[in-house]
Amino acid sequence: MKVRLAAWLSRMERLIVNRRDSTSSLVLIEWSLPFLLLLLGMQLYAASDAKLSPLYQESWLWPTLWAQVSLIAWLVCMGAVAWCMRDNKRPLSWLVQLTVLPTGWGMLLLTVGHGQKDTTMCMLLLSEFVLMRSLFPLRQLKCLLVGSLLILLGSEWLTMRNWMPYAPMLAEPLYRGYGMSWWWSLWSRTLYLCAALPLSGWFFFLASTLHRNRLALENVARTDLLTGLTNRREFMDRLERESHRHARSLRPLSIVMCDVDHFKRINDSHGHPAGDEVLARIGAILRTSTRAQIDAAARYGGEEFVLLLPETDLHGARMVAEKITAALRQETFRADGQTFKVTLSAGVAEVVHGDTNWALKVADDNLYQAKQAGRDHIIASVAHGLMSEPATQR
Amino acid sequence: MYDLLGRFITGATPAWRVLLAAFISTPFFLLFIGLYGMGLVDQEVRKTLHADVLLGSIAAMGCAALLNLALIAHLWPRRNRLDPAPKATLLIVQVIGLGFTSMAIPLGVFTTSASVVLMGVLAVGVWLFERRPMLVGYISVNVLILLNDVGIAQGWWNYAPALTPLSYDEGPSHWWFMLVREVLFVGGWTSLILLLSLLIGSLESITDRLARLSNTDGLTGLANRRAFLELLGTEIERHSRAGQPLCVVLIDADHFKRVNDEHGHAEGDKVLITLAQLLSSCVRSPTDLAARLGGEEFALILPDTRREHAMGICMRLRRMLAEQDFGGKNGGRFQVTVSIGLVESFGGQPLETLIRQADEQLYKAKSTGRDRVCVLASEGAGA
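Chains as they are written, first to last, in numbering that gives the first Met the number 0: chain A, 0 to 393; chain B, 0 to 382.
Hints are computed from structural coordinates only; laboratory data are not their basis.
Yeah, the Cβ is synthetic: ideal placement off N, Cα and C, and Gly gets one too.
Certain hints may be false.
Unchecked claim - If you anchor each label on the Cβ, the simulated ranges turn out as follows:
1. L34(B) / M159(A): 13 to 23 Å
2. R237(B) / R244(A): 49 to 59 Å
3. L145(B) / W182(A): 19 to 29 Å
4. M37(B) / W156(A): 55 to 65 Å
5. L134(B) / W182(A): 31 to 41 Å
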């Protein structure tokens with residue numbers, strides 16, 4: 000049940016995001032028809048009941064019924080057209096307008112007919128407009144909105160000049176201060192429930208979609224798409240923050256820089272897709288070898304990666320680097336039927352006095368030395384001011 | 000505007016959200032207290048109303064407004080704290096929801112636009128707060144409305160208990176109810192429409208940016224690998240259907256590693272950006288696509304383009320690049336060249352093959368001395 004609801008919701012989200020004219024029109028029709036049928040059914044019931052029919056303005060009763068029937072028939076036809084074109088991805092402005100305008104204006108006229116200020120028809124109209132606004136871009140609704148405003152102002156004006164009574168479809172407005180007839184009580188509450196509940200559900204849905212997309216946006220802006228690691232910009236921000244914290248707390252902080260050995264050669268001899276695969280696998284190794292919330296693992300550029308390890312001294316950072324190179328040594332890559340191995344060189348530096356930029360430089364120098372020493376090496380040192388002595392070598 | 004609001008909301012601390020809700024709702028509470036108060040002050044109008052009910056409603060809204068002010072006073076000093084404020088959030092959601100409901104019930108929930116106002120409150124709420132507190136608030140508002148209906152059905156009180164038939168009569172006291180009704184109608188609808196465009200507009204702008212970000216390369220602004228592969232797929236499909244020519248070009252900066260090592264990453268980035276600009280100035284037609292595939296590798300998709308024409312584009316790119324000088328300042332000036340692999344699709348090649356063929360040409364250009372274009376001449380045979 001829950002799974003099906005989730006699937007349905009994600010389908011709705013795709014509809015809103017993709018906004019294909021044909022399917023949007025179809026959804027609008029599918030949503031509107033039940034309401035129109037409900038309205039029609041209730042009015043038909045009242046018309047056929049001798050006690051209820053005097054509630055409606057006699058001269059308007061049948062014309063409005065026929066108008067509703069033809070609106071429904073029109074929408075069914077449009078629905079059939081939209082269904083046939085549901086795979087069509089091109090803009091279908093005519094279909095949208097032919098669906099939106101009759102639905103919107105028809106609902107609005109019915110609302111005015113029942114009295115726009117004191118009926119739950121407002122709620123129905125509202126849910127209709129909200130759905131339209133979610134399904135179509137604003138420019139496609141211009142005609143509808145301007146026309147609706149004119150209809151509303153026109154009806155206000157006609158009522159003010161006493162040329163048209165308020166709520167012209169009814170013998171008298173729903174409620175005049177002395178009790179509501181059982182029919183209108185039932186009518187109001189039914190419509191209110193039918194419109195307000197889905198509408199508020201829709202609000203919640205829109206907001207959660209918004210919330211989720213906002214998070215996704217932040218994530219995309221911060222991650223490297225290939226490896227799933229943090230990107231360089233986010234890493235530099237993080238480095239800045241950690242450097243402040245380190246300078247205050249003097250807790251150890253280390254940086255590991257690593258670079259794939261002979262990456263160019265991998266790309267050239269096995270092709271770029273194989274190179275990408277290598278980077279993605281290394282990204283996965285880095286992610287599993289570091290602490291999710293505490294450390295930062297980033298792709299620094301091309302085939303260069305960098306780790307920021309708070310609460311970790313030189314020895315600990317070296318261990319992390321060794322864990323990573325060991326994990327990579329276990330991996331075998333395949334491309335075009337050939338298998339190959341990949342190694343990493345790493346430079347490690349422990350930050351001193353919050354000077355992370357200097358530590359970054361030292362880690363880079365150590366990385367360079369590791370490369371010089373024949374690759375697949377780790378070189379670590381504490382980033383003391385100017386005297387960075389290589390501490391250990393493997 | 001949606002961007003600005005969206006960023007504001009994304010950056011807002013939980014305390015700020017509560018404050019914002021309080022700032023928005025308090026003036027409305029005061030407005031409705033004023034409106035109801037007008038009815039009570041005017042003796043003529045007062046006679047046509049059930050004053051005690053209206054007073055109760057005013058008292059409820061007054062409490063809500065006071066609680067809002069208390070929350071503002073409490074949270075203002077803590078407004079920039081990042082820690083969540085679940086209690087304050089829950090409180091303000093309840094206060095605002097129940098406050099507006101107690102405004103709506105005396106006039107009748109179903110026969111005034113008060114329900115539209117309630118929907119507006121919901122729209123702001125879901126925009127500002129998480130789902131859980133909003134659901135709690137939503138449920139309590141609906142329970143209140145339901146209880147009111149039960150009371151009406153049991154005959155404990157009337158529907159729209161503050162009003163009498165005289166409110167609806169065209170008598171001397173008629174103006175008050177008409178005023179309230181108009182305010183609810185016009186105010187409710189306009190604010191609701193504004194709020195909805197806010198909600199949906201920010202959703203639109205965010206999905207837009209999301210699509211843009213996940214399809215472009217952050218450094219150069221060109222399409223990224225994902226967008227490249229996607230478009231190439233559709234172009235190949237179209238090509239095999241319609242038989243229009245299609246060219247794919249792979250471009251790689253020569254000795255880029257050396258640029259990075261000798262002149263620094265910043266200079267390397269500058270080279271990539273310049274290269275990207277040159278590429279996008281080379282492709283004019285909107286159907287062409289320039290992409291950065293990663294590192295120093297770029298690509299062009301040229302639909303409706305013959306090999307000879309594509310060759311011309313590559314030559315123009317190389318000429319323009321040759322006129323560019325990089326570096327300066329402390330390092331020496333240097334120039335950058337590119338190796339290019341070009342392949343025209345003859346139909347039938349699947350995407351992987353096409354890319355591999357272009358890659359082979361690129362490799363050939365690299366291995367025969369760089370700074371050149373290599374073309375796959377005709378089907379199968381290299382040149």
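Structure-based check of each hint:
no. : hint                          : verdict
1   : L34(B) / M159(A): 13 to 23 Å  : holds, 22 Å
2   : R237(B) / R244(A): 49 to 59 Å : holds, 54 Å
3   : L145(B) / W182(A): 19 to 29 Å : holds, 21 Å
4   : M37(B) / W156(A): 55 to 65 Å  : violated, 26 Å
5   : L134(B) / W182(A): 31 to 41 Å : holds, 33 Å
Consistency with the previously given hints fails for number 4 only.
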